[in-house]
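Undergrad: Now for the letters of each chain:
2 protein chains.
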Amino acid sequence: MISKSQIKLITSLKQKKYRNTEGLFVAEGPKVIAELVASKIRLHSLFTSEISAVEDSTTHKISELELKKISFLTTANSSLALFEIPQISEVKKTGLTVVLDAIRDPGNLGTIIRLCDWFGVEQLVCSTDTVDCYNPKVIQATMGSIARVQVHYLDVQEYLNSSNLPVYGGVMNGNSIYAETLPEDAIVVLGNEANGISKEIMGLLTHKITIPQFGQRHDTESLNVATATAVLLSEFRRTIGT
Amino acid sequence: MISKSQIKLITSLKQKKYRNTEGLFVAEGPKVIAELVASKIRLHSLFTSEISAVEDSTTHKISELELKKISFLTTANSSLALFEIPQISEVKKTGLTVVLDAIRDPGNLGTIIRLCDWFGVEQLVCSTDTVDCYNPKVIQATMGSIARVQVHYLDVQEYLNSSNLPVYGGVMNGNSIYAETLPEDAIVVLGNEANGISKEIMGLLTHKITIPQFGQRHDTESLNVATATAVLLSEFRRTIGT
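For the record, the sequence lines run as chains A and B.
All residue numbers for the first sequence refer to the numbering used here, where the first residue is 1 and numbers rise by one.
All residue numbers for the second sequence refer to the numbering used here, where the first residue is 1 and numbers rise by one.
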């Protein structure tokens, strides 16, 4: 059973302002939910249509029809859960940090969080105009890796000004990433899908880097920001790890 | 103006069987259309709401409302065009070829085609159960790079059996990609989003390769297939290019 007030609460969490006031976010599907339950993130309540589920104070058995009503996905999964938005610790000043300047697509942010998790990047700093990491579409795209990456929303200019680390930025006409000697402690900046890194941030880069284009040259669209992040993080880790 | 039969034709092209019988596919948005017009792919007809457009035998000026009716996108663009599906040449036996085993997500296939274009991979071989590359969602995700990559749909087992090239496959427990000496002429196989490379194809790999995981180890979901392709292609090109 699910009450009207529970339905109202869940539906409200599509919007960032209600996620912030309630301190809750939504995750769907057994895989993502299991990853989050196993993490430090605290489960608030679970709604499931699985027959084997046992009801308790946080677990509510509901019908598939009820689940369809509250699901944010086109094809509803067998479970939907609410988790508490975790308190995040202070920004770490060492290691590899990824900075995102105005990433707008939830799928891209989710994929980048998943990449950070894979490549052992524990900290992501996002400009305040980057899409919210607790947006349901982001949560689905992270496949649960949001539990292992600290996401900070900050004034990126201030953050970069206050840091002593070298600042690498992915740009169209920089030095080949393959020719760079990459340090263990560094910041890597990726820019907006359409406009790249903004002028203000561009001025704060200490190293402009580019993924070289191969084959016949043409004025092609740049690489998608998530695939560019994959290549850059691979390069940072490869050169340290080998 | 757009006629009823034109609307019917365009709408039918959402489906693969009509794309095949008509020999046409749909592309939307000025950027993608411009890339295709500049390529060898032949324009069949253009429907545009741009005021500056000049009507001729292939260019039809239509209203925004009409465009909205025929658009496959949630937010219709200013133009929609039909292009002729090109005849593709024979499968090349040298160079770097990417093989996809049952990729189902149009966004993934489109992103992989865009990656092939960036990294100078001219040929992509897809299993017959891979999503159709002329699917409108794939075309949008390629950002026009479909014009520069030959996509073949083949029996992958037969293809691999008939080839003398080394066959690399992205797997969960292979050798680190960073430790491999990668050849210029090779085949790289990527598998299905949920199940990876199928058993039959797995048996035909000559080299099993893995992108190492960094930081705290956990049973995380593997990398998304498109981001894994980004890293693998970067490695193949880096070791040749530098």
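By construction, these hints were calculated from the structure, which means they are not laboratory data.
Heads up, a few of these hints could be off.
Listing some non-contacts, in silico: residues in chain A with all C-beta distances to chain B over 10 Å [what the hints assert, rightly or not]: (1) S3; (2) S5; (3) I62; (4) T75; (5) S89; (6) R114; (7) P136; (8) K137; (9) L205; (10) L223; (11) N224; (12) V231; (13) S234.
No farther apart than 30 Å at their CA atoms in a straight line, the calculated lysine-lysine pairs in the DSSO-like style are these [stated by the list, open to error]: (14) B:K92 <-> B:K8; (15) A:K14 <-> B:K208; (16) A:K69 <-> B:K14; (17) A:K14 <-> B:K69; (18) B:K31 <-> A:K208; (19) A:K137 <-> B:K69; (20) A:K68 <-> B:K69; (21) A:K68 <-> B:K137; (22) A:K69 <-> B:K199; (23) B:K4 <-> B:K68; (24) B:K16 <-> A:K137; (25) A:K199 <-> B:K31; (26) A:K16 <-> B:K40; (27) B:K68 <-> A:K69; (28) B:K4 <-> A:K68; (29) B:K137 <-> A:K14; (30) A:K137 <-> B:K40; (31) B:K92 <-> B:K61; (32) B:K40 <-> B:K69; (33) B:K14 <-> A:K137; (34) B:K68 <-> A:K31.
Glycine included, each C-beta is placed from N, C-alpha and C at the ideal position.
Undergrad: Straight-line Cα separation of B:K137 and A:K14 no greater than 30 Å?
TA: Roughly 25 Å between the alpha carbons, so the hint for B:K137 and A:K14 holds.
Undergrad: Would you check the hint for A:K69 and B:K14, treating anything up to 30 Å between C-alpha atoms as holding?
TA: 29 Å, holds
Undergrad: Is the nearest CB of chain B more than 10 Å from the CB of A:S5?
TA: A:S5 is indeed farther than 10 Å from all Cβ atoms of chain B, at 32 Å.
Undergrad: Does the alpha-carbon distance linking B:K68 and A:K31 stay inside the 30 Å limit?
TA: 37 Å, violated
Undergrad: Evaluate the condition: distance from the CB of A:K137 to the nearest CB of chain B exceeds 10 Å.
TA: 13 Å, holds
Undergrad: Taking C-beta pairs only, is A:T75 more than 10 Å away from all of chain B?
TA: Check passes; 14 Å lies beyond 10 Å.
Undergrad: Is the straight-line distance between the alpha-carbon of A:K68 and that of B:K69 30 Å or less?
TA: 29 Å, holds
Undergrad: Please verify whether B:K4 and B:K68 have alpha carbons no more than 30 Å apart.
TA: 15 Å, holds
Undergrad: Can we confirm that no CB of chain B comes within 10 Å of the CB of A:S89?
TA: 16 Å, holds
Undergrad: Would you check the hint for B:K4 and A:K68, treating anything up to 30 Å between C-alpha atoms as holding?
TA: 37 Å, violated
Undergrad: With d taken as the least Cβ-Cβ distance between A:V231 and chain B, does d exceed 10 Å?
TA: The claim breaks: A:V231 does not keep its Cβ more than 10 Å from every Cβ of chain B (closest is about 4 Å).
Undergrad: So is A:R114 really clear of chain B, every C-beta pair being over 10 Å apart?
TA: Check fails; 7 Å does not lie beyond 10 Å.
In summary, the numbered hints that this structure violates are 6, 10, 11, 12, 13, 14, 15, 22, 26, 28, 30, 31, 34.
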